[in-house]
Amino acid sequence: MSIAVPHGGPVAAPPPPEPTPAEPNYLNHSYGIWSWLTTVDHKRIGILYLVSISVFFVVGGLAAGLVRLNLLSYNSALLTEDAYNRAFTAHGVVMLFFFLIPAVPGVLGNFFIPMMVGAKDMAFPKLNLASWYVFMAGAAFGVWAILTGGIDTGWTLYPPYSSRSSQSNVVPGVIGVFISGFSSIMTGLNIMVTVHKMRCPGMTWGRMPLFVWSLYATSLIQLLGTPVVAITVLLLGVERVAGIGIFDPSIGGDPLLFQHLFWFYSHPAVYIMILPGMGVVSEIITCFSRKNIFGYHAVAWSSMGIAVVGFLLWAHHMFVAGISFYAAMLFSFLSMLVAVPSAIKVFNWTGTLYRGSITFQAPMLFTLGFLVLFTIGGLTGLFLATLGTDIHLHDTYFVVAHFHFVMVGGMVLAYMAGIHFWWPKMTGRMYSDWWSRVAASIIIVGFFLTFIPQFIIGYHGMPRRYPNYPAEFQVYNVMSTAGASILGLGYLLPAFYLTLSLFYGKKAPANPWSATGLEWQTPSPPTVHNFDHKPVVVCGPYEYAIGVDQMGRGLPEPPGPGEAQDPASRSGPTPPPGPQQKETEVVG
Amino acid sequence: MSASHHSPVLKHHFEDLGQQHASERLGMWMFLATEILFFGGLFGAYTCYRLWYPTEFEYASSYMNVKFATINTVMLITSSLTMTLAIRSARIGDRAGLYRNLLITFALGTAFMVLKGFEYAHDFHEHILPGAASFGGQIKSNAEAQGIDTGKVRLFLCFYYIMTGIHGVHIIVGLGCILWLVQQTYANKIPPENYSTVEVVSLYWHLVDAIWLFLMPLLYLAGAGLKTGGGH
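First to last, the protein sequences are chains P and B.
Basically the working numbering = 1-based index in the first sequence + 109.
Basically the working numbering = 1-based index in the second sequence + 94.
These are computed hints drawn from the structure, not numbers from a lab.
Even for Gly, the Cβ is constructed at its ideal location relative to N, Cα and C.
Among the hints, erroneous ones may be present.
Stated by the list, open to error - Quick list of in silico lysine-lysine cross-link-like pairs, DSSO-like style, CA-CA up to 30 Å:
1. K235/P - K105/B
2. K283/B - K105/B
3. K161/B - K105/B
4. K210/B - K234/B
5. K283/B - K235/P
6. K234/B - K161/B
7. K161/B - K643/P
8. K643/P - K283/B
9. K616/P - K643/P
10. K643/P - K235/P
Claimed, not checked - Chain P regions said to be covered by chain B (calculated; three or more residues, Cβ under 8 Å):
11. 292 to 304
12. 325 to 339
13. 363 to 377
If we strip away everything but chain B, and leave its shape as in the complex, we get (with noise of 0.2 Å):
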């Protein structure tokens, strides 16, 4: 090992920072695929039962809230390009810079996990819920006016918490890992030759918004064409 040239970001089994990063870089890669598989089950079984039953999945999307989910859309895009403009931040070594972009982008996600709060309140709140005995509300006595299957709707509404939830908790890793690279950038392990540190919380991060772009569509606009909905 060649003390000469040693950066004391440089982990003890690597031999380099290059190889290093490219590891880093694979392994990060790799979850990323392993995590596409992790919702590849769900969409799958989206797509299964939206095939079976379009009328009611589309029926039940309509009481969906579009507005929310297209501020959250909107937040979490720019979301990424703040993530972005980090890397570039930390590749030139401009830490007020890094600070910054990280912590508008942790605000944003922030932002948008409050709002679907308040989005998950409006639904509880007008019984917009897959349980037995919690389903209920306008939701409910208009499917039955319309003879759409109850059941099937409810079946919607299990995608609906399912996936929006485990995608929330995915975002809410996301904003760990951006809270530990401002700790990171405080504790000065950020230097600009390490700057693929950040590069990996991005990927991740782009993940997590880039499954939200296909959640949005097929659980908020499928049926936003309908007039019967909610009338959000």
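Pulled out of the complex, with its shape left as it was, chain P reads as follows (with noise of 0.2 Å):
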């Protein structure tokens, strides 16, 4: 490559210092509010949502922070107890339905599905945009709810409490349920028709990037869940408005049928939580372990098996509520068969991990913490899906640290993974990567010590929703308390560096991870149609062993784990011509 060219020769000639007039891309390309409130570009629409979701987090955090400190007292440290019941209500419904559920659907389904099957756009453009804004104005009547006033009834609404004797604002959250349900409904359709229809020539289902795989799975309870749930809040919200309706015992209704047609929506729904930070997972835990994933099809067909028999379960959450004996053995044994396909992931990627060539950047730190944690949760699930263990420990603190750490330990970690490995190509910049461990080790410790305590004295009998408890418990809740607050400092940090970043961030090259899917063959940040040639794929999506990416070129040299501070110092997008030895054993 050391040929003298004159002048101008575009091949050899090391790129002069900075001030080239910016690439042309989705972020630059038009400008202003009004560009961005009407675009139809899913890129932007991944960022509208990353942005009013973080909100909520927020939102939902401050909340929790909230029941926390009231719990440090066990006769209530700070608020009265009525105000105790609208916090965790408060902290419920926005982290489930405003911060979990358009979580990586939202934001990162939207920002990669259509680059990840080499398409231009999602297949309907305009539904996609409407589905922000479905959410938002959903999204409003919650914070409506809880600003002015609050729920008291605890994120899951049981009539005949919610219908006839809250004294809060149960109506106008009903509405804000409702209304963002539909969002999540357009938000799947969207995904499930671009997965099917909008695939690029050589994309074939076996080469599908296994994030799709799991988006395409959650998209399907998305679809045949929510219409449930928006049906039954309907009702209920029919019921507390008019006074006249289905679920009340007065005419003969059943409470019992509400939290059936509830829990068909809301079980599954944990699986719209979780099934996408497998996805996440699966993408990154391979592409820092330097190997293909170990069982593609395995993990592939996996979440599609959790989103089939997740449907069938529902009433493990009304073991103790008076359904018949011989439903509960039988909701029993399918809880426990949805293990299954979650075991079959944490083996195959723990699979992939083995004689990886394994690098500690932050998204593999947190992928590393999802797996830990995510199994722990699922194990103490088996323990609440065991009839009678269940019956000691259902509705105690135990069930609030397994959901915790399923959810929190298994999706936010996934979805801070997703933001941190996807950041260059979704910004155009690098963030701080020190900082960015130290953040990851921060939340995972801080997790621990919140959650741990919990099931403790969940164990020990200490009910959830409670703002009064035995004093022998406090110890306990003091810990957890103290965790919680390392948690939002962890928490606080991606805030700084990530913002800090879009400023004074390092310009990332197209593929600074090194990774193969289709969605590092474009710029960072990417043009406003993705792709400047139609793709077209030859190969799977994971070849590591042999260092190539989907469209069959070589992989750039990625980040070993001496020159791991800097990936952006590393060559930029061109990468070297032919595919790459590789030392370590091909495995799967």
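Two independent chains are provided; combine them into the complex using the hints.
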């Protein structure tokens, strides 16, 4: 490459300092608030979602902070009992409906599904924008309900308390959940049609990245589950407003029917929350192990297995609510069955790590945290699926800890991993490697300290949702609140260094992690139409062993442990001409 | 992108019209799956209570206006036929036929809603209402005379109003879509190669029609054999 070129030779000339005019990309092709609010570009819509759910994460986090502060003392340190009810309901409603459900599908799914399948956009760009507006409308109702007095029913909204007795803002909250549900349906429908119809040549189902598979499974649940909860909360709202209703025991209605209909969605909804996280983890774990994923088909099909089996076990939330013994046995069995595909995934991720060339950048640290925490969360789920132990553990802090291990330890860590993994692609900037590793470590430590004590007090019988508790549990609650403070600090750090990276971060190369997916074949940040030429896929999604991407081109040198501080300093967007040698053994 | 064969109705992010139409159709089918589960929750709840309280549900159902419902059923089925004929008109490029079929469909759907309105007015007049205070009239006194639990009669009426109400909202949305198709035809946006726009709306319209075909027997015919009814 050292041929002397007179001048203007584009090949070997070193890049001139910096002040070249910026490449046209999706961020700079138009400016102004209006160009964002009317955009139909899936990437910009992903950013809109990112900004809005970050706000809701803060709101939900503040509510959680109130709850934890109040539990510092065994006789309510801070809030009245009524205010405490409203605080934990606000935490649950905001975190579940306005953060966890839209988090990965709304942000990373919108941004990367079209790029991963080699399309210019989602199948229905306007519907995509509409989904964001519908989401914001629903969230506005939800936040309004919380700010003007709150809801005191818990996020599950069980009647007849919620329909007849509660003195709080149930109706705007219910409207918020109802409306934002349609946003979820729209996103799911869009992703499904995109995956079916918009794949580029060569992108067969067996070559799709596992992130796409997992979001496809998620979308299936969103599409088939959400309408059921929509009609259920609609009936609840009618019952509360008009005084006529279907769950009202005074006219022969059955509150248990509400629970069945509610959990028919809301149990699969936890798979809406966790499946995308599993997809993110599958992408990252193979990239940072520099190995092909172990058991591609097993991981892909276990996503579908979770989606299908996940629909059949809702009544395990009702073991002590008075359902028939035989039904309870069946639902207990089915609940254990869903652990099988989840375990298949964990085993395959572990198999991928085995003898890989692992490096510990922030995405990988978050992912390893996910692996441990999700496994603990999943295994404690089996305690709760067992009929006998569930009678002891039902509605205790054991359930709270289990749920948070899966949702926070699993999903939030996976979301953070995904944001850190794709941040260079989304913004074109590298964030501070050292600070991101610190943040990942703090979050994992803080998480353990917050929720391990909750397993213990739950096992000893402390019920959830109570503001007061016996004094002997105080030490555990203080530990948990201390852990929550560390966790909160851990969440603050990314807010700072990610924001700073936008202004001071080094320019990201096209493929900073040397990953194989099609999204890394675009510049960082991508151009408006993603690909200059229509991509043609020639091989599987994770050919790390032979070092080629999905278009069969060689990968750039991966960030090794020595130079890991600075992936941005490595060779730019042009990959080496040929496939690279790989020393590790090929497995899978 | 080959600019040589570029239809004006092709959206920029699709390769060709085939892909665009396949996406639209698949999207609508998936939306219909959503709709079926939306109503599925209601049908499931109805089934529970119908099995628990068969006598009360049949009694309450006998007060429903079968005559109006039958006329409405005939009109909706006919509108499904004209909707399908509209697809054919669009496909062969018969603009006049497309207008005619769309407008007939629209008229039948509107007539359905008008008749439904008359039926609601009649129910209000007769106090066939689920609220604790508004429930009354003959349906209440007869039930008390026969020893039928009025609470469960009111439960049936809850289902009646919620199910027909939500179905009515779907009809109105469908009517809006048909008007939009008329406007699109006027704006020359539905050339023969883009007939699938009409087809997509028709899929929705057929689903709304099909749901009515389930509502009709569940709500109106359940008690049609009883003599105790309002005598319609």
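- request: For the pair we were handed, K234/B and K161/B, check the Cα-Cα distance against 30 Å.
  value: Measuring from Cα to Cα gives roughly 22 Å; hence the hint holds.
- prompt: Quick one, are K210/B and K234/B close enough, alpha carbons at most 30 Å?
  reply: holds, 23 Å
query: Taking only the CA atoms, is the gap from K643/P to K235/P under or equal to 30 Å?
result: holds, 22 Å
- prompt: Are there three or more residues in the region 363 to 377 of chain P whose C-beta lies within less than 8 Å of some C-beta in chain B?
  reply: Per the Cβ count (4), the hint holds.
- prompt: Are the Cα positions of K283/B and K235/P separated by 30 Å at most?
  reply: holds, 18 Å
query: Are there three or more residues in the region 292 to 304 of chain P whose C-beta lies within less than 8 Å of some C-beta in chain B?
result: This one holds; 5 residues, not fewer than the three required, reach chain B with a Cβ under 8 Å.
- prompt: For the pair supplied as a hint, K643/P and K283/B, is the alpha-carbon distance within the 30 Å limit?
  reply: Holds - the C-alpha atoms of K283/B and K643/P are around 28 Å apart, at most 30 Å.
query: Does K105/B lie within 30 Å of K283/B when you go C-alpha to C-alpha?
result: Since the Cα atoms of K283/B and K105/B sit roughly 12 Å apart, the hinted pair holds (cutoff 30 Å).
query: Does the alpha-carbon distance linking K161/B and K105/B stay inside the 30 Å limit?
result: Since the Cα atoms of K161/B and K105/B sit roughly 47 Å apart, the hinted pair is violated (cutoff 30 Å).
query: Do the alpha carbons of K616/P and K643/P lie within 30 Å of each other, as the hint requires?
result: At roughly 26 Å apart (the allowed maximum being 30 Å), K643/P and K616/P satisfy the hint.
- prompt: At a Cβ distance under 8 Å, does chain B reach at least three residues of the region 325 to 339 of chain P?
  reply: holds (count 7)
query: Is the hinted pair K161/B and K643/P satisfied, with a Cα-Cα distance of at most 30 Å?
result: Between K161/B and K643/P the Cα gap is close to 60 Å, so the pair fails against 30 Å, i.e. violated.
Hints 3 and 7 from the earlier list are contradicted by this structure; the remaining hints agree with it.
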